[in-house]
Amino acid sequence: MKLFGSSGIRGIVNKEVTPELALQVGLVLGSRKKTAVIGRDPRVSAPMIEHALVAGLTAAGCDVTKVGMVTTPTLAYAARKYECGVMVTASHNPSEYVGIKLWNPDGMAFDSAQQEEIEEAIEKGDFSLAPWNLIGKIAEDENAIRDHMHMIEELVGDSKLRVVLDCGCGAGSTISPYLLQELGCQIITLNSQPDGHFPARNPEPNEQNLSLLKKAVVDFGADLGIAHDGDADRMMAVDEKGNFVSGDELLAIFGRFECEDKKGSVVVPVDTSMMVDDYLEGSEIIRTRVGDVYVAEGIKQYGAIYGGEPSGSWIFPKISYCPDGIYAAAKLVEIVGEKKLSELRAELPVYATKRGALACPNEKKAEFMKKVKAKLEPLGKVLDIDGIRVELEDGWVLVRPSGTEAKVRITAEARENVDGIYEMAEKIAKEALK
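Residue 401 in our numbering sits at position 401 of the sequence shown, and the numbers go up by one each step.
Derived from the structure by calculation, the hints contain no laboratory data. A portion of the hints provided could be inaccurate.
The list that follows gives simulated cross-link-like pairs (lysine-lysine, DSBU-like), each with its CA atoms no further than 35 angstroms apart [said to hold, decoys possible]: (1) Lys15 / Lys81; (2) Lys137 / Lys160; (3) Lys370 / Lys300; (4) Lys300 / Lys339; (5) Lys364 / Lys339; (6) Lys375 / Lys365; (7) Lys81 / Lys318; (8) Lys365 / Lys81; (9) Lys34 / Lys160; (10) Lys214 / Lys339; (11) Lys365 / Lys407; (12) Lys214 / Lys160; (13) Lys33 / Lys81; (14) Lys66 / Lys34; (15) Lys371 / Lys340; (16) Lys354 / Lys375; (17) Lys33 / Lys160; (18) Lys381 / Lys371; (19) Lys340 / Lys354; (20) Lys318 / Lys364.
Source: prediction; values computed, not measured.
Given these sequences and hints, build the entire structure.
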């Protein structure tokens, strides 16, 4: 597909994602759905794209309800009352990016078949304009955030923890501080004023961007640190000692509490650590392509009880097929109320992991992967559902093209010599880029 990546439509504002494209998406979607709910994150460009989408939807005869600035999981939860949901966001990408993500009423992002249908219809101009007296109506709903909070409060227990919360100037500012406070936590907020320029830090909640959160947890004697990305579908954490908790560790910890009897299926992407397999021994670990929509598809297909991505997306199908960083934050607070996060981490097996990325133009990714596959296939058992993952004697390595950026990513994990495995793959990748 040309428009849709691993997480909806996403690109640089007015270059790859324009009001014209948004209008076309709205026209095509509105020609197929009678009702839609739309929300946006704080990005400077989000209102512009939202207006174009609303124009297209209503011009095609679709009634639209606007919920304003909300998190992606809030919008996905609100979609249960409509035929579809539309979220204007570029999630963890920098401020110059914007995107469009489409949702089904069950909180599942549009799957591959639905995305292909939208894309083909845009290419063919396959949409219809409503007559003047059947143009869609526009309404507003101010209760979406409160409805999302109530749902979570009914499922998660109270807590008295002291929590430092870094919303990254994103949409999480509209809900997470208030939810955790209502659950009984003492909240210390960082970067909790929505600002589409993201002046405090890059929206992606990785360790490199969370140095202030790590320091604040220690300085304030907090029990836990929590961070969101721009639209709060992601959630990452810092333990009470100020140590960043990796996504693989959180995958395993959430998995243990969701799979209390050590049974059931857990869906993870191909770049997930073998730590999860070993820690959740007795559970079936199913690997998919990278991207929360593919993890959600796998959860639905296999009837899994939980799934997620090391990037910070946690999916709990009992509430929604959308990654819900808000619910995950509340759930983690509940878990840490019983045992310190550092103690939970100490129970996990430890394997050395190394991740990196190389710049690669999108148009060169297909040829690049052909060259890499030819070099890696002889080295071990290959899983090629997304990039090339090779199982080696002491670990594994994955080389895959990013679904959202002009990059290729390399991940290596090993019981011994992770640097050697990574450098071997990096050398092959660099040669393939020449």
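Are the Cα positions of lysine 81 and lysine 318 separated by 35 angstroms at most?
Holds, at about 17 angstroms.
Given hint lysine 407 paired with lysine 365 - CA-CA distance at most 35 angstroms
Roughly 9 angstroms separates the two Cα atoms, so the pair holds.
Between lysine 318 and lysine 364, does the CA-CA distance stay at or below 35 angstroms?
Roughly 40 angstroms between the alpha carbons, so the hint for lysine 318 and lysine 364 is violated.
Quick one, are lysine 300 and lysine 339 close enough, alpha carbons at most 35 angstroms?
holds, 31 angstroms
Going straight from one Cα to the other, do lysine 354 and lysine 375 come out at no more than 35 angstroms?
holds, 20 angstroms
Tell me if the straight-line CA distance from lysine 214 to lysine 339 falls inside 35 angstroms.
holds, 19 angstroms
Measure nothing beyond the straight line between the CA atoms of lysine 365 and lysine 81; if it is 35 angstroms or shorter, mark the hint as holding.
violated, 39 angstroms
Verify the proposed pairing of lysine 381 with lysine 371, using a straight-line Cα cut of 35 angstroms.
holds, 17 angstroms
Agreement of lysine 364 and lysine 339 with the hint, judged by alpha carbon distance not exceeding 35 angstroms
violated, 48 angstroms
So if I understand the rule, the pair passes when the alpha-carbon distance is 35 angstroms or less; does lysine 214 with lysine 160 pass?
holds, 20 angstroms
Starting from lysine 370, check that the Cα of lysine 300 is at most 35 angstroms away, please.
holds, 31 angstroms
Decide if the proposed pair is consistent with the structure: lysine 375 and lysine 365, CA atoms, cutoff 35 angstroms inclusive.
holds, 16 angstroms
When the structure is compared with the earlier hints, violations turn up for hints 2, 5, 8, 9, 15, 17, 20 and for no others.
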